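S.K.: Chains as they are written, first to last, in our numbering: chain A, 1 to 418; chain B, 1 to 418.
Treat the hints as calculated values from the structure; they're not laboratory data. Watch out, some of these pointers could steer you wrong.
If several chains are the same, the list does not tell them apart, and a pair holds so long as it fits within one copy or across any two.
Said to hold, decoys possible - Here are the simulated lysine-lysine pairs, BS3-like style, with alpha carbons at most 25 Å apart:
| # | residue 1 | residue 2 |
| --- | --- | --- |
| 1 | K328 | K341 |
| 2 | K289 | K24 |
| 3 | K349 | K70 |
| 4 | K270 | K170 |
Since we're looking at a predicted model, the values are computed, not measured.
2 protein chains.
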Amino acid sequence: MVSRRGAERIRAGHVWVYRSDVIKAEEVPPGAVVTVQEAGGRGRPPHSRTLGSAFYSTASEIAIRMISPKPTDNVHQLVRERVRSAIAYRERFVDDTNAYRVVYSEGDFLPGLIADRYNDVLSFQVLTQAMDLPEMRETLVAELRRAFDPAILVERVDARVRQLEQLPEKENKVVFLDARRRGGAPISPPSDVAAPGAPARQLEGSALSTEFSMNGIRFLFDPLAGQKTGAFLDQRENYAAAAGYARGEALDVFSYQGGFALHLARVSSKVTGVDSSRPALEAAEQNAKLNGREIEWIEANAFDLLRDYSDAGRHYDTIVLDPPAFAKSRRDAPAALRAYKELNLRALKMLRPGGILVTCSCSYQVSASDLLEAVMSASVDSHRNLRLLENRGQSKDHPSVPGIPETAYLKCLILLTS
Amino acid sequence: MVSRRGAERIRAGHVWVYRSDVIKAEEVPPGAVVTVQEAGGRGRPPHSRTLGSAFYSTASEIAIRMISPKPTDNVHQLVRERVRSAIAYRERFVDDTNAYRVVYSEGDFLPGLIADRYNDVLSFQVLTQAMDLPEMRETLVAELRRAFDPAILVERVDARVRQLEQLPEKENKVVFLDARRRGGAPISPPSDVAAPGAPARQLEGSALSTEFSMNGIRFLFDPLAGQKTGAFLDQRENYAAAAGYARGEALDVFSYQGGFALHLARVSSKVTGVDSSRPALEAAEQNAKLNGREIEWIEANAFDLLRDYSDAGRHYDTIVLDPPAFAKSRRDAPAALRAYKELNLRALKMLRPGGILVTCSCSYQVSASDLLEAVMSASVDSHRNLRLLENRGQSKDHPSVPGIPETAYLKCLILLTS
Chain A
1 MVSRRGAERI RAGHVWVYRS DVIKAEEVPP GAVVTVQEAG GRGRPPHSRT LGSAFYSTAS
61 EIAIRMISPK PTDNVHQLVR ERVRSAIAYR ERFVDDTNAY RVVYSEGDFL PGLIADRYND
121 VLSFQVLTQA MDLPEMRETL VAELRRAFDP AILVERVDAR VRQLEQLPEK ENKVVFLDAR
181 RRGGAPISPP SDVAAPGAPA RQLEGSALST EFSMNGIRFL FDPLAGQKTG AFLDQRENYA
241 AAAGYARGEA LDVFSYQGGF ALHLARVSSK VTGVDSSRPA LEAAEQNAKL NGREIEWIEA
301 NAFDLLRDYS DAGRHYDTIV LDPPAFAKSR RDAPAALRAY KELNLRALKM LRPGGILVTC
361 SCSYQVSASD LLEAVMSASV DSHRNLRLLE NRGQSKDHPS VPGIPETAYL KCLILLTS
Chain B
1 MVSRRGAERI RAGHVWVYRS DVIKAEEVPP GAVVTVQEAG GRGRPPHSRT LGSAFYSTAS
61 EIAIRMISPK PTDNVHQLVR ERVRSAIAYR ERFVDDTNAY RVVYSEGDFL PGLIADRYND
121 VLSFQVLTQA MDLPEMRETL VAELRRAFDP AILVERVDAR VRQLEQLPEK ENKVVFLDAR
181 RRGGAPISPP SDVAAPGAPA RQLEGSALST EFSMNGIRFL FDPLAGQKTG AFLDQRENYA
241 AAAGYARGEA LDVFSYQGGF ALHLARVSSK VTGVDSSRPA LEAAEQNAKL NGREIEWIEA
301 NAFDLLRDYS DAGRHYDTIV LDPPAFAKSR RDAPAALRAY KELNLRALKM LRPGGILVTC
361 SCSYQVSASD LLEAVMSASV DSHRNLRLLE NRGQSKDHPS VPGIPETAYL KCLILLTS
């Protein structure tokens, strides 16, 4: 039973109901499928109106995540169909890559489930009580294995989310590794796949590494390493777009494992990639070698380096700014906007006339127009005229759903200086 | 001399100052280049701060349009450079067409000037007192002829704007027609080109027609006919994008001269184009013939037809909605949003699962998020899940400038139904 405000939210196309809008949910177990009804109503006696079915969480502030406007009698069948539909969507709309997000939670009408493919490696992550239930995990894993027959299936864990959902602590782990990667050892039995309590196989990262390609560029990937699941993937189309405009001397700031830098290297005379993480740059250099590219990597704090380089009068023809999320909550937004302006101002000062600025934000709390405003303010301060060439978002394997603004978080603006 | 509020607007990256923010502008003649100063200031005695140079209008509500953050000593030289820079921008960023906007007013830092190329025909439009001055027209026309050597140069008139700027009434007219189009008659002397008072050459529309191509599709174009200068051009990249997703049976609503319909015909099994204007549909059919395509054209009110067709249970795989601007002023926005919702609701009801909706708005007063909200509300009412595939704007030959939101007016969303 949800309040009028909760019901309005659902009628406006969202799928979340916050706990404060839940009026009655007695003895609903963690992760249960519930039929959601609107409390009260205008009639007398008050009638309740069914809004659909949802996953329930006993712990999260997001108590309810709608899965259908109708009551659901077989949730496993529904989830199977949604996974198949998500896969069909990728077959239709994702090109030039064997690495992409296979399931994007609410963006694929499967709240709480993320799955990524990197060539023959599949990784998944569950983010809610409902998706963490043993039978649901069994359904998910079976469906993903059936569709992709991966050599390796990995579960990645978001420790903070598991804590918020009051789920037991877990580590990233391999849930399945087939004969192709074990030199002929027998395939692990299905019971091992779905049982979350089974002991994790201990393997060296390198044994799990795979090579994938994206836009014709090759990358090495270790599914248990790295900062997060899905690194690289959401920028895939923006990498290609940036390479369509880049030229001359290019600077890739917050380069991580070299996604933009490697794409820029195809069309630029010289590329420098900057990141504060040495392991990220080592992975980036491995990727550069794999593609036969020479890229200069600099381990540095981006703000310091941009200040030093712009003070020293260095100039570039192309600059990419792809910082981590500066604003994790709405409270951080003003400070984040100052940081975005600072970065963009330094970059604009270093761009030659006719130069290209590719500037990104993955903070959900910073909208495209917020970012544009920061860039524009930087353009006024630097006396540079700017034209907006492209106003882009995340790649299509991270589909966004109108009505669930949280499904659209990545902004990538491509601008021309004059 | 402008008020603090006017100065703030300029410092925020805009180029317009409204008359209500002009404090002193004594005896400034129409269209003059002025040095703009901020009144007052905090010092004592009050000092004034120079904000740059601008075109002045004695009539428009937009009294000042900035052209440079510095004083301008030779405005003709500045305008020539800006026109050249606009042309260089198109050479770098516009592909697959010989029809495009050459100069887009504030988007090219040339407030008050529009110029379009359609193969060997060039058309231009002046929208301010400054651009209408005889010497300025001479500079502009000379520069455009030098760059393009057009067979025909046409001036198109926006009667309402000329009235607002208190400029003398004019008609659309040919200002230049060269030997290529006159069977060897001598080229008209330059004096005829620039003199706005010279008698208009009377020619049949057909004698002026040209054929242009865009994304490999051929179009006939009569520079003195049609609803507005630049029809077709702002949607050029969206036409190509739509064709990248379209399939099956397609319906193009508000088809005008068939821009979307012709692009859809490449990838769809059947295309129907709807417009209320018979002359537009006749031009559309000419274009279809030119490309060897069979398209069904229906002369109808779009709202009526969508209601009838959706009530009759017709279904499509692809529907394009490209209505004219419903909201001309902010007051119209709520009614416009209701109209957008109505159109999109009808379209969603008619789309088969997996169908593509291409929905546009060219109302500046309706933002991309407003349009998304209307679409989302339609999706809730029609119980259709939607994924946003692309959130697009106008083509790059209509560059938008961060800080001048009015330079970005076109929205084109591509969505997948499920």
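S.K.: Going through the numbered hints above, which ones does this structure break? Give me the numbers in ascending order.
M.R.: The structure breaks hints 2 and 4; every other hint is satisfied.
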